[in-house]
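Q: Sequence:
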Amino acid sequence: MAFIKKVQDWKGENLRTYKITNASAIEADASKIDWLGEKYAEQIGTTLDETIMNNIQKNGCFVVNSEHDIVNDTEFYNITGFDGIKEFGIFENLNIKFKVDVTNVKERPFIKLNGNLYELVRRNGQELIYLAKNELVKNHSYNAVYRENKFVVESASLLAQEEAFGLINIKTIKNLVKTEVPDATETTKGISSYSNIIDYIDSKFSRFFTKIFPVGTIYTTVNKDFDPNVTFGGTWERYAKGRTLVGVDTNDVSFNAGEKIGGTQTTTLGVGNLPSHNHNVQGATDAQGNHYHIVNDHSHYVPPHAHGLSVLRAKAGDSGGNGGNTAYNGTIVNYSTDATDLWTHGSAPATNWAGQHNHWFNVTSGATGSGQAFSNLSPYITVYFWKRTK
1 MAFIKKVQDW KGENLRTYKI TNASAIEADA SKIDWLGEKY AEQIGTTLDE
51 TIMNNIQKNG CFVVNSEHDI VNDTEFYNIT GFDGIKEFGI FENLNIKFKV
101 DVTNVKERPF IKLNGNLYEL VRRNGQELIY LAKNELVKNH SYNAVYRENK
151 FVVESASLLA QEEAFGLINI KTIKNLVKTE VPDATETTKG ISSYSNIIDY
201 IDSKFSRFFT KIFPVGTIYT TVNKDFDPNV TFGGTWERYA KGRTLVGVDT
251 NDVSFNAGEK IGGTQTTTLG VGNLPSHNHN VQGATDAQGN HYHIVNDHSH
301 YVPPHAHGLS VLRAKAGDSG GNGGNTAYNG TIVNYSTDAT DLWTHGSAPA
351 TNWAGQHNHW FNVTSGATGS GQAFSNLSPY ITVYFWKRTK
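Letter by letter, the sequence shown follows residues 1 to 390 of full-length UniProt numbering.
Keep in mind that the hints were calculated from the coordinates and are not lab data. Check before you lean on any hint, since a few could be wrong.
Said to hold, decoys possible - Quick list of in silico lysine to aspartate or glutamate cross-link-like pairs, EDC-like style, CA-CA up to 20 Å: (1) K133 / E67; (2) K99 / E127; (3) K106 / E135; (4) K112 / E127; (5) K97 / E119; (6) K86 / D101; (7) K112 / E75; (8) K387 / D225; (9) K106 / E119; (10) K133 / E119; (11) K112 / D101; (12) K224 / D252.
Said to hold, decoys possible - Simulated restraints, written as ranges between beta carbons of each label pair: (13) L117 / K224: 22 to 30 Å; (14) D249 / N114: 54 to 62 Å; (15) T80 / D225: 21 to 29 Å; (16) S276 / N223: 46 to 54 Å; (17) L158 / G258: 28 to 36 Å; (18) E87 / G216: 43 to 51 Å.
The beta carbon of each residue, even a glycine, is placed where N, CA and C say it ideally should be.
Using the sequences plus the hints, can you model the full thing?
A: As structure tokens, then:
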């Protein structure tokens with residue numbers, strides 16, 4: 001982060017004036033370049049202030065070097081060359097990545113920044129615990145975030161892997177970036193051309209993202225405003241709109257290759273899709289009418305009996321018609337018939353067949369169902385898919 005103060009332009013005369021100083025007065029290097037243009041020029045542009053520094057610390061991840069040391073039985077990793085800390089202090093959520101050259105040999109190592117010691121801790125479930133011996137390993141770098149006067153170690157990575165991905169640190173930038181004014185070195189503070197730094201960083205990160213997101217990569221996010229074309233570079237297109245992703249299965253003809261498309265959101269059943277089933281129908285015809293009547297062979301018996309009758313006699317002297325009655329005086333005389341019995345002869349009468357007929361009818365069961373399509377969707381959550389095409 002030593003370049004932050006130099007993220008400004010210079011104007012003036014004799015900007016390329018410099019001198020070579022004897023190394024014995026400085027350090028073990030053969031020579032040192034001192035840029036003298038500052039004597040004849042002034043800085044223009046934004047001046048670093050507390051607000052800018054706060055935003056820089058909150059939104060950046062700063063790759064820094066550290067030097068291992070033990071003083072008075074206190075083990076720490078000293079970080080230097082961090083501009084802005086001395087003037088404005090450390091803000092919450094400062095994110096640093098520091099390189100470890102020596103594995104810690106004591107419990108509870110510290111970070112030393114701007115002359116101050118800060119405890120190094122890590123998460124253990126919901127708690128923060130101090131680092132144990134051998135937790136900071138040589139040739140690794142560690143991400144640590146400043147929170148409440150401590151640095152919380154959140155992740156670690158092997159330096160060889162970072163170099164393979166093209167990650168860079170401030171020393172690399174200061175030694176390699178070409179500037180329009182004499183090259184800055186470790187001893188001369190700052191880098192004078194911000195645009196060169198940005199170009200260099202962009203090229204490194206482009207290589208980095210190409211390695212982790214090659215062409216054909218699918219990126220998933222729920223952020224509608226995120227655009228990988230801007231963040232990652234390359235060419236990305238929205239992918240699989242309104243569709244789910246299914247893994248390739250070479251043994252299934254429906255899924256045996258990449259980017260095969262299939263499936264429907266809804267389905268309407270046809271007759272061939274219906275399971276075998278029956279419809280129960282109830283009905284009745286009129287009663288059949290073909291029939292006859294039979295009277296069994298039988299006889300009738302009338303027991304012996306008599307029938308009585310009364311006759312009125314005419315009075316003497318009555319006459320009627322052409323005759324006259326002179327014998328009786330008009331009295332009633334009773335008579336009766338002789339008693340006898342009576343048998344009928346056997347008989348078996350029968351009626352003829354009659355009423356034979358048929359009833360013909362058609363039966364239709366009641367209609368049901370509307371033929372509407374039904375949904376094939378399983379429970380889902382929508383996301384944004386992006387596919388890298390170039």
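Q: Take the hints in turn and mark each one as holding or not.
A: So, going through the hints one by one against the coordinates:
1. K133 / E67: Holds - the C-alpha atoms of E67 and K133 are around 17 Å apart, at most 20 Å.
2. K99 / E127: violated, 25 Å
3. K106 / E135: Measuring from Cα to Cα gives roughly 10 Å; hence the hint holds.
4. K112 / E127: violated, 23 Å
5. K97 / E119: holds, 16 Å
6. K86 / D101: violated, 25 Å
7. K112 / E75: The hint holds at about 10 Å.
8. K387 / D225: holds, 16 Å
9. K106 / E119: Within the cut-off at roughly 13 Å; holds.
10. K133 / E119: Roughly 14 Å separates the two Cα atoms, so the pair holds.
11. K112 / D101: With a Cα-Cα distance of about 15 Å, the restraint between K112 and D101 holds, given a limit of 20 Å.
12. K224 / D252: With Cα atoms ~34 Å apart, K224 and D252 exceed 20 Å; violated.
13. L117 / K224: 22 to 30 Å: Hint violated: Cβ distance 44 Å, outside 22 to 30 Å.
14. D249 / N114: 54 to 62 Å: Hint holds: Cβ distance 58 Å, inside 54 to 62 Å.
15. T80 / D225: 21 to 29 Å: violated, 38 Å
16. S276 / N223: 46 to 54 Å: holds, 51 Å
17. L158 / G258: 28 to 36 Å: Check passed, 32 Å falls within 28 to 36 Å.
18. E87 / G216: 43 to 51 Å: holds, 48 Å
The structure is inconsistent with the numbered hints 2, 4, 6, 12, 13 and 15, although it conforms to all the rest.
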